[in-house]
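*Asks:* Using the hints, position chain G against chain D.
For the record, the sequence lines run as chains D and G.
Counting from 1, position 109 in the first sequence corresponds to residue 112 in the working numbering; the numbering is continuous, with no gaps.
Counting from 1, position 163 in the second sequence corresponds to residue 191 in the working numbering; the numbering is continuous, with no gaps.
Worth flagging that the hints you see were computed from the coordinates, not collected in a lab.
A virtual CB, placed ideally from N, CA and C, is assigned to each residue, including glycine.
A couple of the hints might just be wrong.
Said to hold, decoys possible - With a cut-off of at most 20 angstroms between alpha-carbon atoms, the simulated EDC-like pairs for lysine to aspartate or glutamate come out as follows:
#1 242/G <-> 123/D
#2 98/D <-> 87/D
#3 235/G <-> 123/D
#4 242/G <-> 67/D
#5 242/G <-> 130/D
#6 15/D <-> 205/D
#7 15/D <-> 197/D
#8 235/G <-> 67/D
Unchecked claim - Chain G is nowhere near these chain D residues, computed Cβ spacing over 12 angstroms in every case:
#9 19
#10 21
#11 56
#12 96
#13 106
#14 107
#15 137
To be verified - Listed next, the stretches of chain D that the computed footprint assigns to chain G, with coverage defined by at least 3 CB atoms under 8 angstroms from CB atoms of chain G:
#16 79-87
#17 212-225
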Amino acid sequence: MNYRWDWSILFKDTYMGWLWSGLLWTVIISLASWAVALMVGLLAGTARSSPSRGARLLAGLYIDVFRNVPPLVQLFLWYFVLPEVVPDSFGLWLKRDLPYPEVVTAVVAIGLFAGSRVAEQVRAGIDAVGAPLMPAALATGLRPAQAYRLIVLPLGLRAIVGPLTSEFLITVKLSSLSLTIGVLELTAQSRHVENYTFQGFEAFTFATIGYLVIGLCVTGLMRFIDIRIGGAALRKTPA
Amino acid sequence: MSDFDWGIIARSSAFLAEGMALSALLVLVATVGGLILGFGLALMRLSSHRWLSVPASTYVTVMRTLPLVLVLFWFYFLVPLAIGRPVGSLTSALLAFVLFEAAFYCEIVRAGISNVRHGQSDAGLATGLRRAQVLRLIILPQALRAMMPLILNQIVIVFQDTSLVYVVSLHDFLTAASVVASRDGRATEMYALVAVVYLVICLGTTKAAEFYRKGLPS
Numbered sequence: 004m005n006y007r008w009d010w011s012i013l014f015k016d017t018y019m020g021w022l023w024s025g026l027l028w029t030v031i032i033s034l035a036s037w038a039v040a041l042m043v044g045l046l047a048g049t050a051r052s053s054p055s056r057g058a059r060l061l062a063g064l065y066i067d068v069f070r071n072v073p074p075l076v077q078l079f080l081w082y083f084v085l086p087e088v089v090p091d092s093f094g095l096w097l098k099r100d101l102p103y104p105e106v107v108t109a110v111v112a113i114g115l116f117a118g119s120r121v122a123e124q125v126r127a128g129i130d131a132v133g134a135p136l137m138p139a140a141l142a143t144g145l146r147p148a149q150a151y152r153l154i155v156l157p158l159g160l161r162a163i164v165g166p167l168t169s170e171f172l173i174t175v176k177l178s179s180l181s182l183t184i185g186v187l188e189l190t191a192q193s194r195h196v197e198n199y200t201f202q203g204f205e206a207f208t209f210a211t212i213g214y215l216v217i218g219l220c221v222t223g224l225m226r227f228i229d230i231r232i233g234g235a236a237l238r239k240t241p242a
Numbered sequence: 029m030s031d032f033d034w035g036i037i038a039r040s041s042a043f044l045a046e047g048m049a050l051s052a053l054l055v056l057v058a059t060v061g062g063l064i065l066g067f068g069l070a071l072m073r074l075s076s077h078r079w080l081s082v083p084a085s086t087y088v089t090v091m092r093t094l095p096l097v098l099v100l101f102w103f104y105f106l107v108p109l110a111i112g113r114p115v116g117s118l119t120s121a122l123l124a125f126v127l128f129e130a131a132f133y134c135e136i137v138r139a140g141i142s143n144v145r146h147g148q149s150d151a152g153l154a155t156g157l158r159r160a161q162v163l164r165l166i167i168l169p170q171a172l173r174a175m176m177p178l179i180l181n182q183i184v185i186v187f188q189d190t191s192l193v194y195v196v197s198l199h200d201f202l203t204a205a206s207v208v209a210s211r212d213g214r215a216t217e218m219y220a221l222v223a224v225v226y227l228v229i230c231l232g233t234t235k236a237a238e239f240y241r242k243g244l245p246s
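Isolated chain D, as found in the complex:
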């Protein structure tokens, strides 16, 4: 193998600047998409276990469609197709006046894809942990809506903090898709450095370590939440 190592390029101002700004965008997109995913997933997941047939069907449709179209295709639909099929004035606004159009589109697309996965977890948590408590909650004299809001939902949600860790990690990885529509996040910037310097080893190693560190932070944060209020805390409480 014929390769000239040069780790110093990682400390040259230009390239270091690119890589750090890439890391920053990856973190921003990941967090924003995760916020969207949590909100949408919570909504769709509870709708999926609601007594209303219409709400159940609608949420089921969302989950089935968004889980079964590749996230990259969804991203292209939001970015290339949406501005063409909406009324002209809105399409123009999307193309011209939306601030940071690529980043916003990526966050929406990744958030809605991850949201469909979160929704499945929420539903599973409610079905497995929350719903069995319903009769007991009703027996204490709570009305059905109260029982759902005070017992079934919170306990169901606390149980799924563990499984949500991997959904969070998937969201971080999905943020790399945004490079296809021109967002210069971590993976894009490392490729960028490789193209300029031919030092692919150094650039991709930086990106790899970046993702590993973000992954460790996510795992650590979710474990902290799990121990404080999540499934781990639930299991510890005396029966």
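*Replies:* What follows is chain G alone, placed relative to chain D:
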């Protein structure tokens, strides 16, 4: 909104079919290669020797934390360097897919094997079977049946993942469609078609896996 030209689909169908063939090839190689390698990794992870289990679990953790796009770039860069001459991006992509998906198949196989009750292998050993025989005759048949829905699920994910070869300019189904879309300015028609085709195939397989899982004795 009236100027859609759905005829573009018929006119580009041969080109799109070639793309789909490449997607299918990627799924096939990634799944067969990934399962074989994943099986080896799973046995290493379950081993009681730490020098086997630690490298395997490190490998799996690292692969599962990295985005596939980055892994594709890594291999696109590394493979020609390792071989010492330029190779097509298909070779790099195939290798990247096998090594990446192996980490995910490893976890499926590992869960499948460790879900077979411990008493089963003790009983097998007590009847005088050797370890390899216990694994092949007693554990694996039961583990495989439990793993099938998860493997089907993973195949759906791999199929969706293949669309990412877009970043190394390989003409899979999505990339073929995007080439037509930008050449003829028909993004709406092409991406709508791509979404529907993926949806039908993936949803169908997902539902089949669910159906199969319900039929399993729990």
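*Asks:* Each of the hints needs a verdict: does it hold here or not?
*Replies:* How the hints compare with the structure:
no., hint, in the structure
1, 242/G <-> 123/D, "holds, 17 angstroms"
2, 98/D <-> 87/D, "holds, 10 angstroms"
3, 235/G <-> 123/D, "holds, 15 angstroms"
4, 242/G <-> 67/D, "holds, 18 angstroms"
5, 242/G <-> 130/D, "holds, 17 angstroms"
6, 15/D <-> 205/D, "holds, 12 angstroms"
7, 15/D <-> 197/D, "holds, 14 angstroms"
8, 235/G <-> 67/D, "holds, 10 angstroms"
9, 19, "holds, 19 angstroms"
10, 21, "holds, 15 angstroms"
11, 56, "holds, 20 angstroms"
12, 96, "holds, 17 angstroms"
13, 106, "holds, 17 angstroms"
14, 107, "holds, 19 angstroms"
15, 137, "holds, 23 angstroms"
16, 79-87, "holds (count 5)"
17, 212-225, "holds (count 3)"
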